[in-house]
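Sequence lines, in order, name chains A and B.
Residue numbers for the first sequence follow the UniProt record's numbering, beginning at 1 and rising by one.
Residue numbers for the second sequence follow the UniProt record's numbering, beginning at 1 and rising by one.
Simulated from the structure, these hints should not be mistaken for lab results.
Do not take every clue at face value.
Okay, derived cross-link-like pairs now, DSS-like style, lysine-lysine, Cα gap no bigger than 25 Å in a straight line [unchecked claim]:
(1) A:Lys240 to B:Lys126
(2) B:Lys81 to A:Lys123
(3) B:Lys81 to B:Lys126
(4) A:Lys123 to A:Lys240
(5) B:Lys23 to B:Lys246
(6) B:Lys91 to B:Lys23
Here are the chains, one letter per residue:
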Amino acid sequence: MLAYIIRRVAQSILVLLVTGFVAFSMFSFVGDPIDNMLGQERTVADIARLREQLGLDQPFFVQYWRFLEQAAQGNFGLSYRQGRPVSDILIERLPATLELAFVSGLLALCGGIGLGIFTAIRKRGVSANVIMTLSLVGVSLPTFLIGILLIYLFSVELGWLPSFGRGEVTRLGGWTTGFLTESGLKALILPAITLGLYQMTLIMRLVRTEMLEVLRMDYIRFARARGIRERAINFHHALKNTLVPVITITGLQLGSIIAFAIITETVFQWPGVGLLFINAVQFVDIPVMAAYLMMISVMFVGINLIVDLLYFAIDPRLRVDRSAAGGH
Amino acid sequence: MSTPVLSVRDLVVEIPTRKGLLKPVDGVSFDIAAGEILGVVGESGAGKSMTGNAVIGLLDRPARIAAGEVRLLGDPIQNLKGEALRRQRGKRMGMIFQDPLTSLNPLLTVGEQLTETIREHLDVSKSEALNRAIAALEEVGIPAARQRIDSYPHEFSGGMRQRVVIALALCAEPELVIADEPTTALDVSVQAQIIALLKRLCRERGVAVMLVTHDMGVIAEAADRIAVMYAGRMAELGPVRDVITKPHHPYTAGLMASTPVASRGQKRLRQIPGAMPRLDALPDGCAFHPRCEKATDKCRAEPGPTLAADEGRAACWYPLTQTKEATA
Numbered sequence: 001m002l003a004y005i006i007r008r009v010a011q012s013i014l015v016l017l018v019t020g021f022v023a024f025s026m027f028s029f030v031g032d033p034i035d036n037m038l039g040q041e042r043t044v045a046d047i048a049r050l051r052e053q054l055g056l057d058q059p060f061f062v063q064y065w066r067f068l069e070q071a072a073q074g075n076f077g078l079s080y081r082q083g084r085p086v087s088d089i090l091i092e093r094l095p096a097t098l099e100l101a102f103v104s105g106l107l108a109l110c111g112g113i114g115l116g117i118f119t120a121i122r123k124r125g126v127s128a129n130v131i132m133t134l135s136l137v138g139v140s141l142p143t144f145l146i147g148i149l150l151i152y153l154f155s156v157e158l159g160w161l162p163s164f165g166r167g168e169v170t171r172l173g174g175w176t177t178g179f180l181t182e183s184g185l186k187a188l189i190l191p192a193i194t195l196g197l198y199q200m201t202l203i204m205r206l207v208r209t210e211m212l213e214v215l216r217m218d219y220i221r222f223a224r225a226r227g228i229r230e231r232a233i234n235f236h237h238a239l240k241n242t243l244v245p246v247i248t249i250t251g252l253q254l255g256s257i258i259a260f261a262i263i264t265e266t267v268f269q270w271p272g273v274g275l276l277f278i279n280a281v282q283f284v285d286i287p288v289m290a291a292y293l294m295m296i297s298v299m300f301v302g303i304n305l306i307v308d309l310l311y312f313a314i315d316p317r318l319r320v321d322r323s324a325a326g327g328h
Numbered sequence: 001m002s003t004p005v006l007s008v009r010d011l012v013v014e015i016p017t018r019k020g021l022l023k024p025v026d027g028v029s030f031d032i033a034a035g036e037i038l039g040v041v042g043e044s045g046a047g048k049s050m051t052g053n054a055v056i057g058l059l060d061r062p063a064r065i066a067a068g069e070v071r072l073l074g075d076p077i078q079n080l081k082g083e084a085l086r087r088q089r090g091k092r093m094g095m096i097f098q099d100p101l102t103s104l105n106p107l108l109t110v111g112e113q114l115t116e117t118i119r120e121h122l123d124v125s126k127s128e129a130l131n132r133a134i135a136a137l138e139e140v141g142i143p144a145a146r147q148r149i150d151s152y153p154h155e156f157s158g159g160m161r162q163r164v165v166i167a168l169a170l171c172a173e174p175e176l177v178i179a180d181e182p183t184t185a186l187d188v189s190v191q192a193q194i195i196a197l198l199k200r201l202c203r204e205r206g207v208a209v210m211l212v213t214h215d216m217g218v219i220a221e222a223a224d225r226i227a228v229m230y231a232g233r234m235a236e237l238g239p240v241r242d243v244i245t246k247p248h249h250p251y252t253a254g255l256m257a258s259t260p261v262a263s264r265g266q267k268r269l270r271q272i273p274g275a276m277p278r279l280d281a282l283p284d285g286c287a288f289h290p291r292c293e294k295a296t297d298k299c300r301a302e303p304g305p306t307l308a309a310d311e312g313r314a315a316c317w318y319p320l321t322q323t324k325e326a327t328a
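For reference, chain B alone in the conformation it holds in the complex:
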């Protein structure tokens, strides 16, 4: 297998507080290959956005990367700062934010924001940058891009604005794109279009995409592989079909059972009892054990096994397949 575009190993993000050290991301490892979409799911506070921000170096103080490694095509980038980090952003990795209404500068035209970004990273003339900006808008499906290049963000609809955001994130041709809840703020009909667009750009350009969302539907639609996060740790990692149809981690199983599926026709959705623990009140042992039906003394005493990027599926002492095989 060739070098993955993004390779994260044992990433730990810490936030020092008066109550002590919080670890919103604790020992997370995963790879994303070129042209692959990795869907990262989890509840609010599971650490998925924090992981994305840590990769691109946008952690807000006092959060910081305390340990682990982030490699972009083999180059370690977790310690980059200032100018060196700025050169990587946009050029080698881009980010798409949740709310297209607030992620575009309202006082600058779409063309200004695009050409500024292009000229920041690529050595091209003003007119060449403008041509590329128009091409970038055309590529994300903005009709009459040449006429709309001088429009301001408020002159676009929500879905169109998210297309502009995608064009901005991709205009300097990065190898990695982190999409943090890119569809959450959009209408359902527009969501599907944006996901289709992301998929197409990913395939055509061979961009690695880290798609952070809490929407299982979006993941099922778009992702090649899926990473389930719980309380800052990776709970399960595997190909999307396998994880959805045969989850190994009890948390994933609970998540799937609580997701409505039209064809299943159940009357009532199952729900996982309890709520995800707060970061300052993590239980001993596996963080999921208070909500897990199958928890044993081992689960209460020892944290679940740490999931490596390339082996194993679930960070659980008693993965579901194993118990099923045992009972069979």
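For reference, chain A alone in the conformation it holds in the complex:
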């Protein structure tokens, strides 16, 4: 098992190096940042000075190595637009995105698994069929449209919930949270639903399919033949077996919740890293874009690693030592 973990970590590092390369390439290939930073009235001397200051006069590989070196320490340089360290800006924005992702991830997981089980157990029931039909809406409507519809209904027509922003936030050390104020919690509802709905329907349909598959297995029949309660069969015997394949997809989906919060954050003007990224793209603020790319890839790789380790926790067949396997 240790060898497996080491191998997985090595693979993860390789993936990060490749993403790092892509992130870094942006510096050299997406136009010349100097053009953006200095106005119309620049002198050749200004350009040369800034070039040297930013290290842009160095050869490509020297720049790449320096980039990696700095990135490993969490240093992505100065934002071209704001002139502040990118890491500071990211850390400032991260709590908003993480809280939003956490709530919508929770919604997607609980809602998805719960509804998935429900629709699998009552596969012929009316309510299960209604849920299945409605889930098509969740899968097929684009996120921004769901967001706009929700805003129209709950903010414009009913006036119950705010249509943008994070509401009041409380400072806890370096972390800002919207969980502690009423307006903060209210502001979370619509964006969280918007962001989580697609993932929830996806997880729900996946859980349903897997669960129906598992419920046909011999060991479920055998459990029934032994007079085990339906409840225990569904939630103990079947659910555990359903979770193995579900975890893979779910893990990746949770990663993409953070990554693709961009659209939701734009619709709701949510002050998170997604909105930061969109603004950075508009201004060709490459250090911010590169740092965002790296951050997302670290999250994806991390989540993948956790998912792989979760397999071990759930499926005892994977825990077997290679040397001992095959015997009695």
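Got chain A sorted already, so can you dock chain B onto it with the hints?
Below, chain B alone, put in the same frame as chain A:
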């Protein structure tokens, strides 16, 4: 004679299809006494597994019991549903499935599955259930049961797993066990052990066993009485030695002639011409008549006589002994 443990009378199982009503089990009657093994043989689709599933209430929709009676120690159980049926399963009747690889839940330890079943039906504490689980494993011949109680199914070999399955089916001390092809998926050497184990448990505990198989060798080895099924009907029913040495039904005779016997030393096995008719294309009259050498107009017109549980041997208008006596 005391009340038989299992008493089946005129059991009919129906499957409604678009082509019409199919009857995979049509008017089957038999008894099994305590401590007796009834071997049920027949080709695939003869209705033997369907009969077993109907008894324990595990018919898959849309198959259903349409008529007849199933009594467990005198109590009718054919109409039990939901909770009432669940209480009977495991506690009063157990089932052993064909494939030990798939009939154990891979993600739960053997001990968890055993204690869950024991505590479902018997009012005992956790530690008492664990002790009983260990005793159950010892009884089916699992060495070092106390150490293996926390093992997962994949850590056992195929034969050992089938022993675990038997322990599970018997752990709540049922009066009836339905063994559906319990040896088919096992190695020949292991088959003999499993049959010996079943026989021993049947004798020691006075359990009634319905042993469903297509393997004549297994029946000859284990069963006290034999029930031959053909196209959903009982073809012949009698003590195992009599049926094997002096079959009354032409189908049974054909079956015996096509079974290799080492001592007979024949060069070529006889085979019954044709194949068993599909359920949606049953011929008029006796279902066996197209393959029967002795078929007459009566056989082509009238279904064979229905075999009662306690009288008669063969569901045939011209049982073989009778014709032999007539020609003699």
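Hint check:
1. For a cut-off of 25 Å, the pair hint linking Lys240 (chain A) to Lys126 (chain B) stands: about 22 Å separates their Cα positions.
2. For a cut-off of 25 Å, the pair hint linking Lys81 (chain B) to Lys123 (chain A) stands: about 19 Å separates their Cα positions.
3. Of the pairs offered as hints, the one joining Lys81 (chain B) and Lys126 (chain B) is violated, with about 29 Å between alpha carbons and a cut-off of 25 Å exceeded.
4. Restraint check for Lys123 (chain A) and Lys240 (chain A): the C-alpha separation of about 19 Å stays at or below 25 Å, so the hint holds.
5. Of the supplied pair hints, the one linking Lys23 (chain B) and Lys246 (chain B) is violated, its CA atoms being roughly 29 Å apart against a limit of 25 Å.
6. Proposed proximity of Lys91 (chain B) and Lys23 (chain B) is contradicted: the alpha carbons are some 30 Å apart, above 25 Å.
When held up to the earlier numbered hints, the structure conflicts with 3, 5, 6 and fits the remainder.
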